[in-house]
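> Sequence:
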Amino acid sequence: MTHGFGSALGMFYKNFDDLRDQTRGRVIALDWLGMGHSSRPDFPSSSGPLTALDSAGVDYFLHALEAWRAENNIYKMNLLGHSWGGYLSTLYAARHPERVNHLFLVSPFGVPKLPENFVPDESPTNSWFLSFFKTVWRLQMHPQSVLKMMGPWGNNMMKSTVARRFGDKLHPEEAALVADYLFHSNALPLAGGESLHAFSHLVWSEEHRGVFARAPVSDLLAQTTVPTSLLFGDNDWMWNPQVKDLVEKNSKYLKLHIVEKAGHHVYLDNARDCNHIISSTLIGKQRQM
Numbered sequence: 130m131t132h133g134f135g136s137a138l139g140m141f142y143k144n145f146d147d148l149r150d151q152t153r154g155r156v157i158a159l160d161w162l163g164m165g166h167s168s169r170p171d172f173p174s175s176s177g178p179l180t181a182l183d184s185a186g187v188d189y190f191l192h193a194l195e196a197w198r199a200e201n202n203i204y205k206m207n208l209l210g211h212s213w214g215g216y217l218s219t220l221y222a223a224r225h226p227e228r229v230n231h232l233f234l235v236s237p238f239g240v241p242k243l244p245e246n247f248v249p250d251e252s253p254t255n256s257w258f259l260s261f262f263k264t265v266w267r268l269q270m271h272p273q274s275v276l277k278m279m280g281p282w283g284n285n286m287m288k289s290t291v292a293r294r295f296g297d298k299l300h301p302e303e304a305a306l307v308a309d310y311l312f313h314s315n316a317l318p319l320a321g322g323e324s325l326h327a328f329s330h331l332v333w334s335e336e337h338r339g340v341f342a343r344a345p346v347s348d349l350l351a352q353t354t355v356p357t358s359l360l361f362g363d364n365d366w367m368w369n370p371q372v373k374d375l376v377e378k379n380s381k382y383l384k385l386h387i388v389e390k391a392g393h394h395v396y397l398d399n400a401r402d403c404n405h406i407i408s409s410t411l412i413g414k415q416r417q418m
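Numbering of the sequence shown is given in my numbering, commencing with residue 130 and proceeding in unit increments.
Everything labelled a hint here was simulated from the structure, so no lab data went into it.
If you're wondering where the values come from, they're calculated on a predicted model, not measured in any experiment.
Positions of the beta carbon are idealized from the N, C-alpha and C atoms, including for glycine.
Wrong hints could be hidden among the right ones.
Said to hold, decoys possible - Label-pair distances were calculated between CB atoms; the ranges are:
#	residue 1	residue 2	range
1	Pro281	Asn201	36 to 44 angstroms
2	Ile203	Lys381	19 to 27 angstroms
3	Tyr142	Arg169	19 to 27 angstroms
4	Arg155	Asp374	15 to 23 angstroms
5	Tyr382	Asp309	34 to 42 angstroms
6	Gln352	Met279	40 to 48 angstroms
7	Pro281	Pro244	41 to 49 angstroms
8	Asp188	Glu302	36 to 44 angstroms
9	Ile412	Ala316	15 to 23 angstroms
10	Asp188	Ile157	40 to 48 angstroms
11	His300	Trp366	18 to 26 angstroms
12	Met286	His330	18 to 26 angstroms
13	Gln371	Pro301	35 to 43 angstroms
Claimed, not checked - Pairs of lysine-lysine residues, derived as DSSO-like cross-links and limited to a Cα-Cα distance of at most 27 angstroms, are as follows:
#	residue 1	residue 2
14	Lys242	Lys384
15	Lys242	Lys381
16	Lys378	Lys242
17	Lys378	Lys143
18	Lys390	Lys205
19	Lys288	Lys143
20	Lys242	Lys373
21	Lys242	Lys143
22	Lys390	Lys373
23	Lys298	Lys288
24	Lys390	Lys288
25	Lys390	Lys298
26	Lys381	Lys143
27	Lys384	Lys205
28	Lys384	Lys373
29	Lys143	Lys205
Construct the complete structure from the given sequences, taking the supplied hints into account.
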């Protein structure tokens with residue numbers, strides 16, 4: 130199981146036990162290189178904006194994942210990636226299809242394409258938050274940079290963010306623990322943080338809004354022969370209609386699941402249904418063997 134940008138493996142705390150018990154298999158999560166509690170080698174500064182899927186920036190993450198797999202003598206695995214982790218897991222499966230039994234992409238980043246010659250709307254906005262976010266983005270900062278700049282107030286900001294994002298889905302004490310975990314994980318040097326701007330760009334227009342990949346993985350998914358399940362929440366800001374079209378084009382290997390009462394953090398917003406989809410898929414594959 131692999132996490133999203135600025136997150137860490139502990140965020141899957143509502144998935145570990147259920148998936149282990151339901152599948153009767155090993156469940157392993159890891160922190161991406163340069164994030165969470167993994168080591169912090171420098172992200173390749175020469176990688177620049179990602180225009181191809183075989184750059185040094187991609188290798189930074191995929192070489193580490195492949196080395197981890199080999200070191201742990203895992204011949205073949207079921208690989209799950211959330212958000213940023215879904216993007217990187219897709220790239221890994223494309224590079225090493227013989228090592229992936231089934232790919233689970235949970236609200237993955239980087240699937241849709243922007244139209245050719247698309248020009249982002251740079252007009253001013255009335256939203257102070259969006260204006261601030263655009264400014265931070267233009268300065269090539271990332272959320273963790275802002276968190277560190279706030280010093281001791283950063284923890285309070287994280288608590289407020291978690292409480293606002295998850296609301297009554299988490300008990301207050303649980304939300305406080307999640308916020309504390311994320312704050313301390315992100316307070317560490319984030320060597321992989323530079324990948325945010327290398328891999329993505331912010332788009333805000335009437336037709337297209339969000340963070341889009343500079344090198345989308347839609348073509349890889351359209352051609353994949355690795356069985357792949359895509360899970361999105363029914364209120365998921367990462368959802369794009371292109372995903373449905375993509376699944377229809379490669380329906381032999383791609384399957385789409387919409388999880389009710391869930392947003393981008395599908396695995397946490399509705400852990401029960403998310404776990405059920407994953408375990409049912411794996412149990413079904415075991416019965417076919």
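> Now look at each hint and say whether the structure bears it out.
For each hint, the structure was consulted:
1. In this structure the hint that Pro281 and Asn201 lie 36 to 44 angstroms apart at CB holds, the actual value being about 38 angstroms.
2. Here the CB-CB span from Ile203 to Lys381 is close to 26 angstroms, well matched to the stated 19 to 27 angstroms.
3. The beta-carbon spacing between Tyr142 and Arg169, approximately 24 angstroms, falls within the hinted interval of 19 to 27 angstroms.
4. The supplied range of 15 to 23 angstroms is broken by Arg155 and Asp374, whose beta-carbon atoms lie about 35 angstroms from each other.
5. The supplied range of 34 to 42 angstroms is met by Tyr382 and Asp309, whose beta-carbon atoms lie about 40 angstroms from each other.
6. Taking the beta carbon of each, Gln352 and Met279 are about 44 angstroms apart, inside 40 to 48 angstroms as hinted.
7. As the Cβ distance of Pro281 to Pro244 is approximately 45 angstroms, the hint placing it in 41 to 49 angstroms holds.
8. Between Asp188 and Glu302 the beta carbon distance is about 41 angstroms. The supplied range of 36 to 44 angstroms therefore holds.
9. Separation of Ile412 from Ala316 is about 40 angstroms and departs from the stated range, judged on CB atoms against 15 to 23 angstroms.
10. The given range of 40 to 48 angstroms is broken by Asp188 and Ile157, whose C-beta atoms sit roughly 22 angstroms from each other.
11. His300 and Trp366 have their C-beta atoms about 24 angstroms apart, which keeps the hinted 18 to 26 angstroms range intact.
12. Met286 and His330 have their C-beta atoms about 25 angstroms apart, which keeps the hinted 18 to 26 angstroms range intact.
13. Checked against the hint of 35 to 43 angstroms, the pair Gln371 and Pro301 passes, with Cβ atoms roughly 38 angstroms apart.
14. Between Lys242 and Lys384, the direct Cα distance comes to roughly 19 angstroms. Compliance with the 27 angstroms bound is thereby established for this hinted pair.
15. A distance of roughly 22 angstroms separates the Cα atoms of Lys242 and Lys381; the hinted pair therefore holds under the 27 angstroms criterion.
16. Simply put, Lys378 and Lys242 have alpha-carbon atoms about 15 angstroms apart, close enough for the 27 angstroms limit, and the pair holds.
17. With a CA separation close to 33 angstroms, the supplied pair Lys378 and Lys143 exceeds the 27 angstroms bound.
18. The straight-line distance between the Cα atoms of Lys390 and Lys205 is roughly 33 angstroms, outside the 27 angstroms bound, and the hint therefore fails.
19. Pair hint Lys288 plus Lys143 holds up; C-alpha atoms about 19 angstroms apart against a cutoff of 27 angstroms.
20. Only pairs whose Cα atoms come within 27 angstroms are accepted, and Lys242 paired with Lys373 is accepted, the gap being roughly 13 angstroms.
21. Of the supplied pair hints, the one linking Lys242 and Lys143 is violated, its CA atoms being roughly 32 angstroms apart against a limit of 27 angstroms.
22. Between Lys390 and Lys373, the direct Cα distance comes to roughly 19 angstroms. Compliance with the 27 angstroms bound is thereby established for this hinted pair.
23. Straight-line distance between C-alpha atoms of Lys298 and Lys288 comes to about 14 angstroms, which keeps the hinted pair within the 27 angstroms bound.
24. Taking the CA atoms of Lys390 and Lys288, the gap is near 22 angstroms; set against the 27 angstroms cutoff, the hint holds.
25. Distance hint between Lys390 and Lys298 is fulfilled; the C-alpha atoms sit about 10 angstroms from each other, no more than 27 angstroms.
26. Distance restraint check for Lys381 and Lys143: the Cα-Cα separation of roughly 30 angstroms exceeds the 27 angstroms cut-off, and the hinted pair is therefore not satisfied.
27. For the given pair, Lys384 sits about 21 angstroms from Lys205 by alpha-carbon distance, which is consistent with the 27 angstroms threshold.
28. At roughly 9 angstroms between alpha-carbon atoms, Lys384 and Lys373 fall within 27 angstroms of each other, so this suggested pair holds.
29. Proposed proximity of Lys143 and Lys205 is supported: the alpha carbons are some 24 angstroms apart, at most 27 angstroms.
In summary, the numbered hints that this structure violates are 4, 9, 10, 17, 18, 21 and 26.
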